[in-house]
Amino acid sequence: MTELLIREGPPDSSGTAPGSSVALPTPPTRRERLHRVLRFLGHRPGLVVASLVVLLVLVAAFAPGVLAPGDPNIGVVAEKLRPPSAAHLFGTDYLGRDVYTRVVHGASLSLQATVIAVAVALLVGGLLGLLAGFVGRWVDEALMRVVDVLLSIPAILLSLALITALGYGTVKVAIAVGVASVASFARVMRAETMRIRRSTYVEAARSVGTRWYVTLWRHVLPNAAGPVLVLAVLEFGLAILAVSSLSFLGYGAPPPAPEWGSLIAEGRNYLATSWWLCAMPGLTIAATVLSVNRISRALDGEWSGAR
Amino acid sequence: MTGTLPRYLLRRLGTAVAVLWAAYTVSFVVLYLLPGDPVTTMASGGLDGEPLTPEQIEALKARYGFDKPLIVQYGTRLWAALHGDLGASIQNGQEVRSAILEALPPTVQIALGGLLVAVVLGGGLAIAATYTSQRWLRQLLMALPSLAVSLPVFWVGLMLVQIFAFGLRWLPSVGASGFPALVLPSITLGLPMGALLAQVLAKSLTTVLDEPYVQTARAKGAGRAAIHLRHALQNAAIPALTVLGYVAGNLLAGTVVVETVFTRPGLGRLTVQAVGVQDIPLVQGIVLFASLVFVGVNLLVDLIYPVLDPRIAEGVPATS
Amino acid sequence: MSGASGPVLEVTDLDVGYRISGGHIHAVRGASLTVGEGEVVAVVGESGSGKSTLAQAVIGLLPANGTIDGGSIRLRGSTDVTELAGLSEKAFREVRGRRIGLVPQDPTVSLNPVQRIGVQVGEVLRVHGLADKRTARLRAVELLARAGLPDPEVRAGQYPHELSGGMRQRVLIAIAIAARPGLIIADEPTSALDATVQQRILDHLDTLRAETGTAMLLITHDLGVAADRADRVVVMAGGRIVEEGPVDRILADPADPYTRTLVAAAPGLSPLSAPRIPPQPSGRPIVQVSGLTKDFPLPRVQGRRGVLRAVDDVSFDIARGETLALVGESGSGKSTTARLVLRLADPTAGEIRFDGADITRVKGRAWRELRRRAQLVYQNPYASLDPRFSVEEVVTEPLRAFAVGSPAQRRTRAAELVGRVALPASVLARKPAELSGGQRQRIAIARALALSPDLVVCDEPVSALDVSVQAQVLALLEELRADQGLTYLFISHDLAVVRRIAHRVGVMREGRLLELRPTEELFTDPREDYTRDLLGAIAGRRHATDAA
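Chains as they are written, first to last, in UniProt numbering: chain A, 1 to 307; chain B, 1 to 320; chain C, 1 to 548.
No lab work stands behind these hints, which were simulated from the structure alone.
Hints are supplied without guarantee of correctness; some may be wrong.
[What the hints assert, rightly or not] Derived CB-CB ranges, DEER-like:
{"hint": "1", "chain 1": "B", "residue 1": "108", "chain 2": "C", "residue 2": "19", "range": "46 to 56 Å"}
{"hint": "2", "chain 1": "A", "residue 1": "95", "chain 2": "B", "residue 2": "178", "range": "47 to 57 Å"}
{"hint": "3", "chain 1": "A", "residue 1": "58", "chain 2": "C", "residue 2": "366", "range": "31 to 41 Å"}
{"hint": "4", "chain 1": "A", "residue 1": "69", "chain 2": "B", "residue 2": "263", "range": "35 to 45 Å"}
[To be verified] Simulated pairs of lysine-lysine, DSSO-like, Cα-Cα distance not exceeding 30 Å:
{"hint": "5", "chain 1": "C", "residue 1": "90", "chain 2": "B", "residue 2": "203"}
{"hint": "6", "chain 1": "C", "residue 1": "133", "chain 2": "C", "residue 2": "90"}
{"hint": "7", "chain 1": "A", "residue 1": "172", "chain 2": "B", "residue 2": "68"}
{"hint": "8", "chain 1": "A", "residue 1": "172", "chain 2": "B", "residue 2": "61"}
[Unchecked claim] Residues of chain B clear of chain C, computed beta-carbon distances all greater than 10 Å:
{"hint": "9", "residue": "15"}
{"hint": "10", "residue": "16"}
{"hint": "11", "residue": "29"}
{"hint": "12", "residue": "57"}
{"hint": "13", "residue": "83"}
{"hint": "14", "residue": "104"}
{"hint": "15", "residue": "124"}
{"hint": "16", "residue": "132"}
{"hint": "17", "residue": "134"}
{"hint": "18", "residue": "139"}
{"hint": "19", "residue": "147"}
{"hint": "20", "residue": "151"}
{"hint": "21", "residue": "172"}
{"hint": "22", "residue": "299"}
Don't be surprised by glycine CBs; every beta carbon is placed ideally from N, CA and C.
With the rest of the complex left out, here is chain A (with noise of 0.2 Å):
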C-alpha cells in the first residue's frame, strides 16, 4: 500500500517511461557539492577574479605592510612624478611618494568608511523596513512616507546637508553615506517582510498556532535576509563610490592621510603631465566596485539558479 502510495509519476509500462516512479531524488553527498561549487566558479572565471580583487583589497585595508611595507607619507623628492615601472608600479606623485604604497594605505580609510556606512545603512534601514512591514497598518504608513521623502532629496545632497551639520573628517562622511542610503534598504526589507509575512506558510504556521514572534524569527527574518545582504554587498560597491565622491569633494580626512578619493583629487592637479595620479587609484576604486557588484550577483540569482 504505502509503496503504491509513494508513486507519483506514471508507472512503468514495459519502459515507456522511464525513472519516472522514483519516489524521492537522492541528496548530494559532500564530494558532489565540492565538485558543484568547482564546477559553477569553473564557469564564471570573472568570478573568481572578483573574489581575488575583494581579497587584496580586504588585506590591504587590515594589514596594509604585507602588500607594501613603505611609508605612505614619506617620499623621495628626486623621483617625484616618476611614470609606472617596476620600481614603482604606480608612479609617483609630486613629493616623490610611491603611489602604489599610498594606495594600499589608502584602502584602510576608505574601507573603514564604506563598512561603517552600510552597517548604518543596513541596520537603521532593515530594522524600519521589519518594523513597516511586519506591523503595516499606520506604522507602516509612517514610516513609509519618511522614506518616501528621504528619496526625494538626492542622496549626495543629503550627505551633503549631514556634513555642513556634522563638519568634515572620514567617521562623519560614513555616517552622511550610511544615513542616505537608509531609505532604500527600508524599502527593500519592508517589501520583503511583507511578501513573507502575506506568503501561505506564513499564514499556515499562524494558523497551526505559532506565536506571531516565533513566526517572526523562523519565517520572516530568515527569507527576508538573503535579498537584503545582496543589496548590502551591492550597497557597499555604491557606497566605495559616494564615500570616494565626498573624499575627492575634500570633505574627508584631511590631506596627508591618503584616501582614494582624495588622491585622485590631488593627482587632479598634475592631470596634463602625470596621468598615472588620477588613473591608477581610479582603477583600483573601478576594480574594487566591479569586484563587489560581481559578487552581490552571483549571491543574487546564479548560485542559486544553476543548484
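Fit chains B and C to the known structure of chain A by using the hints.
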C-alpha cells in the same frame, strides 16, 4: 469611469506637496537641530579667520533669527519659504533664492545634455542588447552598463579630460562657454544614469519578451522587430520610466561632482562652496530646490504612466 | 481546400530536446501522430509528459533552448505540403497565424495589456497582408462577433483588463480563426476558467470549427475534456506517445497500463458508477454555522464606499466524522466561508459554534486553543511550506507552537506522521523544494494532523495536482478520516472531485448557499438550475451520459 484620471492627478499632486513639506522638515531637522549653528561657526573664525566679539555674535544671531526657540524658527522659516523666501546666505548676505536662480542656467545646460546622453545611450543599448540574437553580442552589450555604474563619476570625468582635452585636444577641459565645453560634462553626467537606465530597461524587456502575450503575437506570425517595438517596448517602458524619473530628479546631485571636475560655474559648485563654509540657509535652499525638481519630475512621470498603461488610470494594479 | 491530399498535419518520429546547463533533456521522443481534415485530436498527458512541447514544436514556438533533434512535421496547405521541422524563422512567420492558429493556455495573460482589443485581433490580418489598417478594424469587429463576444464594436475599443477571463478567451479564439487557418492548436484552452464558462467556450469553438472544417490539435491534462471534444485521443507520458486511438476505444478498453490509470483516475469520467462512500455519520455536530455573513470594503468609487458581500447568510452543521463539501466557482465565497469557520477572518454577522462553544468572536487564548483543534490544508503545496524549513521542521511546527513533548519526542512523532501519510521517514531531512507536488501536499496534511485535530479544513487540496496524484491524495484523505475519526470541511470548485469524497455537498454562488444535500441526491436530482449548470459542465460527463 469619468473622473478617475483627475482624481489620480489630484492624489499625486497632494502627495507631491506633502513630500515637499516633509523634505523641508527633514532638511530643517538635519541642519538646525544637529550640533553647530552657522553663527558660532563663523564666530570661531571658520571663514575669514577674525573671531567675533560676543556682542557681534548675539547681533548676528538676532539678525538670522537663531536666538529664537527652534519651533518658532521652524514656523517662521517655513512660512517664509511658502512665500518663496528661503532666507539669506550667511556667507555674503545674498538672497538664497536669487543665488540659486543665478547659478541655474549653466547647470540646466549640462543636466539636459546629460539626460539626452542617458536616454539615447541607455535606451539604445537596452533595445540592441535584447534584440540581437547573437549570444556573444548580447552578453557584451549587457556587460557595459554594469561596468559603467562601477566607475567613480569624477574619475570618468578626469579621464575624459585627460584623453579628449589633453591627449587628443578635441575639446576644452574646463569652462562653460559654447557647445564644445558642454560635451564632456554631459557625457560624464549622463554615463552612469544611462547605464542604470539600460540595466532596468534591458531587464524589463527580457521579462516582457517572455510574457504569454508576446507568445500570442508570435503565434500571429508577427516579425521580431514588430514584436520588440510594438508589443514589448511599451510594456517594458514603465519600470524604465520610473528609473528615468529617479535619474532626472537626481541630475542636480550629479552636477555637484561634474561641475567640480570641469570647474564650471553652476548650482553644483554653489553647493560645494556652501557646504564648505557651513552656509546653512543656502544648503537648505539647495536641498529644497533639488527635492522640488525631484517631485516635479516625478509628477511628470506620473502623468505619463496612464498614457503608457491604461490600467494605471483606473487604479487597476499593473502586474508588469 | 483541394489540391494536396492526406492529413492536415503529420508528425513522424519527432524528437525534441532542451539544452540545459550541463546537459540535454529529451522532452519528446519518437512521437508520431496525424490530424485529418476537420478532425479533432486530443493530446492528453500530465505535467512533464511533453504534450506542450509537442504543440510548441508544431507551431515553431519552442523556447530558445529547445531544438528539434529529429523527425518531421508536415503541414498540408491548399496546394502543397510544407515541412515544418527545420523551417527558417522567416518562412515560419508565413505559417503561424495564417496556416496554424493558436489558442493559448491562460487568457488573462495572453493579451497585450496596453493595446486595444480590436488592434490585437486586426494585427494577425495585417501581418499576413489580408487587410489594411481600415479594413482590419472592421474585420476585427466581425471576428469578435463570430467568436461570440457581445457588443463587439465596444469591445474592440477596450483594453484587455476591461474584459472578463471568458471574454478574453473569446478574443483569443477570434485571433486564432482570423486568417482561416487549416489547423488550430488549442493548448489547455480553458483550464484557467470556471467550469460553466469553459463549457460554453468549448461549445462555441466546436461550432466555429465545424462551420469551416478546421482541424484541431487539443492539448489537455483533462481526459474528460478530451473525451467530450475529440475524435481521437493521443496519450503521452514521459515524452513518448503511449497509446492512441478513437475516444470510445481508449475510454472503454485502454490497452496501455498508464492510460488505464488515467482513465480510472479521471474524476469526471465515471460519475455514473456510484463511488464507495461509507454512510453519513450522525454524530453530534462539531461545527454549527448560522447566518454567517462577511463583507469586504470595496475601494472608494466616486466618493462612495461600497461593500462586497462575500458570504451572505450561510448556515450549516458538520457532524463529527463527516465530510462536508462546499463547491462553487471563483468568487462564490466558499474559501472565505472556510476561513471564517477557522476564525482566520472575522465575520460581519452570524454565529459559529465549535463543539458546542461559541467561537464567533474568540480572541487571545481561546483563539489559540482553537488552532489546536481545527487545521487547514491549503490549495497550493508549493506556497504553504516554508522553503527554508526541512520537512521535519514543517511537520513539528504545530508541536513546537504548543510546546508539546521534548525535541526527541517530536522527532519520533514527525516520523510517525509522515508514515501515516505514506511517505518514508527519509523525507524528514529534505527541503520541500526536493519533493513533488503530491509529496508536498502529503507533508501539509501531516502537519495538519500533528496536533490530532477534530476538524480539518481542506481548501482545494488537490486542484494544483496532476489527475493521478489527485486520486491518491483523495484516497489518503478518506483513509485518514475513517481511521482517525476526522471531520472535513472540503472546499472545491470541482464537482467530480467532491463526489468522490463528500457525504454532503453545499453549492455556493455569489456568497449564498443555494442547496445543501447528501452527495448522491444532489448529483442525481439537483433542485437548483445553477447546480444543474455546474453538473452539466463537468468535463467527460457528456461522454459518460452518451455511453450510458
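Here is what the structure says about each hint:
Look at residue 108 of chain B against residue 19 of chain C: about 52 Å separates their beta carbons, and that is inside 46 to 56 Å. Our hint of 47 to 57 Å for residue 95 of chain A and residue 178 of chain B is violated, since their Cβ atoms are close to 37 Å apart. Taken as a hint, the range 31 to 41 Å is violated for the pair residue 58 of chain A and residue 366 of chain C, whose Cβ atoms sit roughly 56 Å apart. Checked against the hint of 35 to 45 Å, the pair residue 69 of chain A and residue 263 of chain B passes, with Cβ atoms roughly 38 Å apart.
In summary, the hint linking residue 90 of chain C to residue 203 of chain B is supported, as the alpha carbons are separated by about 26 Å, within the 30 Å threshold. Simply put, residue 133 of chain C and residue 90 of chain C have alpha-carbon atoms about 23 Å apart, close enough for the 30 Å limit, and the pair holds. Simply put, residue 172 of chain A and residue 68 of chain B have alpha-carbon atoms about 28 Å apart, close enough for the 30 Å limit, and the pair holds. Restraint check for residue 172 of chain A and residue 61 of chain B: the C-alpha separation of about 26 Å stays at or below 30 Å, so the hint holds.
The beta carbon of residue 15 of chain B is kept farther than 10 Å from every beta carbon of chain C, the shortest such distance being approximately 17 Å. Listed as a non-interface residue, residue 16 of chain B keeps its Cβ farther than 10 Å from every Cβ of chain C; the least gap is roughly 21 Å. Listed as a non-interface residue, residue 29 of chain B keeps its Cβ farther than 10 Å from every Cβ of chain C; the least gap is roughly 34 Å. With 10 Å as the threshold on Cβ separation, the claim that residue 57 of chain B sits away from chain C holds: the shortest Cβ distance comes to roughly 56 Å.
The claim that residue 83 of chain B is not at the interface with chain C holds, since no C-beta of that chain comes within 10 Å of its own (minimum 33 Å). For residue 104 of chain B, the non-interface assignment is confirmed: its Cβ lies about 37 Å from the closest Cβ of chain C, beyond the 10 Å cut-off. Against chain C, the non-interface label of residue 124 of chain B holds: every CB pair exceeds 10 Å, the least being about 22 Å. For residue 132 of chain B, the requirement that its beta carbon stay farther than 10 Å from each beta carbon of chain C is met, with the minimum near 13 Å.
Consistency note on residue 134 of chain B: stated as away from chain C, and its beta-carbon is indeed over 10 Å from all of that chain's, at 13 Å minimum. Separation of residue 139 of chain B from chain C is adequate, the least Cβ-Cβ distance of about 14 Å exceeding the 10 Å criterion. Distance check on residue 147 of chain B: its Cβ is at least 25 Å (rounded) from any Cβ of chain C, clearing the 10 Å threshold; non-interface status holds. Distance check for residue 151 of chain B against chain C: the nearest CB is about 31 Å away, which clears 10 Å, and the non-interface claim stands.
Its beta-carbon lying about 45 Å from the closest one in chain C, residue 172 of chain B satisfies the requirement of being farther than 10 Å from that chain. Listed as outside the interface, residue 299 of chain B is consistent with that label: its C-beta sits roughly 22 Å from the nearest C-beta of chain C, beyond the 10 Å cut-off.
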